[in-house]
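Peer 1: Chain by chain, the residues:
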Amino acid sequence: MTGGARSVHDRSPPGPPTRRWIISAVAGVGLAGFATKAGATEAAMDEAIRELIGEAPLEPGKVKLELPPIVENGNAVPLAVSVDSPMTEAHHVESIHLFNQKNPQPYIAAFHLGPRAGKARVATRIRLADSQRVVAVARFSDGSFWSDSADVIVTLAACTEQ
Amino acid sequence: MARVLINFPQRAMRGEIIEIKTLIQHPMETGYRLDNKGVAIPRDIINRFTCAYNGDEVFRAELFPAISANPFVAFSTVATESGELGFSWTDDRGQIQTETRQIIVE
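These protein sequence lines map, in sequence, to chains A and B.
Sequential numbering of the first sequence, starting at 1, is according to this note's numbering.
Sequential numbering of the second sequence, starting at 163, is according to this note's numbering.
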């Protein structure tokens, strides 16, 4: 056996893989896997928003997303969205949509309201699997879309693994 | 039947905007969790919630697994006339729970 007697200073790749090489290779695969997973869901959020708004522009403003900046428990994060709108028959908010960046699924909820709501404000409690950005999109009766986003730091994530 | 909490003022002035808060007992199983044998627990969430004012739908929500267990939804409506507010929750198993509450508008 020649491979078993290799010196610790010998880092040349030929020959049977060393323990160090195996560890670094496994770590590399693990990191790459994590990176692609996170990237994929960010793209998934953009895709989900695009599916909702189509070719229409998404403008920041008119929407106010209220979320605590730091949450201790990702299983129940209080969230409220209020939209600046007169809520009349002619000018009102038709729906409010919530998206997230890093949960397994980008969609959180869709709320359909109308002039009978009186004011455009909804509140709920959501799960967050990681520290991430949450986006609220409001569809107005004139067909325009407005949005707001908030970044949340989650210290104890909602458990998706068990 | 799951336990339900519904909160709004029982009496309101005509034209007043009232806030309605609702909460229903439900596990909102995401479908992403595994049991102790490593088998995925099937998804079971409330996917739809509606509120009707004297039969007319005034609010509707589509919910996804990112909504917390025992989903809480708060919204508002204009008190137009005395009558009945109807609430309905539908889950993945097709179970529908409905509740009604009276409102007096002066």
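Simulated from the structure, these hints should not be mistaken for laboratory data.
Note that beta-carbon positions come from the ideal geometry of N, C-alpha and C, so glycine has one too.
Just to be clear, a hint being listed does not mean it is correct.
[Claimed, not checked] Among the chain B residues that face chain A by a calculated CB cut under 7 Å, a handful are:
(1) L167
(2) N169
(3) F170
(4) A174
(5) Y194
(6) A223
(7) F226
(8) F237
(9) L247
(10) F249
Peer 1: For every hint, state whether the structure bears it out.
Peer 2: Cross-check of the supplied hints:
1. The criterion of a C-beta within 7 Å of any C-beta in chain A is not met by B:L167, whose closest approach is roughly 13 Å, and the hint is violated.
2. With a cut of 7 Å, the hint placing B:N169 at the interface with chain A is violated, because the nearest CB-to-CB distance is about 12 Å.
3. The interface hint given for B:F170 is broken, as the beta carbon of that residue sits about 12 Å from the closest beta carbon of chain A, more than 7 Å.
4. Look at B:A174: its Cβ only gets to about 11 Å from chain A, farther than 7 Å, so that hint breaks.
5. Hint status for B:Y194: holds, given a least beta-carbon distance of 5 Å to chain A, under 7 Å.
6. Among the interface hints, the one on B:A223 holds; its C-beta lies about 5 Å from the nearest C-beta in chain A, closer than the 7 Å criterion.
7. For the restraint placing B:F226 at the interface with chain A, the shortest Cβ-Cβ distance is roughly 5 Å, inside the 7 Å limit, so the hint holds.
8. Proximity of B:F237 to chain A holds as hinted, the smallest CB-CB distance being about 5 Å (cut-off 7 Å).
9. For the restraint placing B:L247 at the interface with chain A, the shortest Cβ-Cβ distance is roughly 12 Å, beyond the 7 Å limit, so the hint is violated.
10. For B:F249, the shortest C-beta to C-beta distance to chain A is roughly 15 Å, which exceeds 7 Å, and the interface hint is violated.
Hint check: violations occur at hints 1, 2, 3, 4, 9 and 10; the rest are consistent with the structure.
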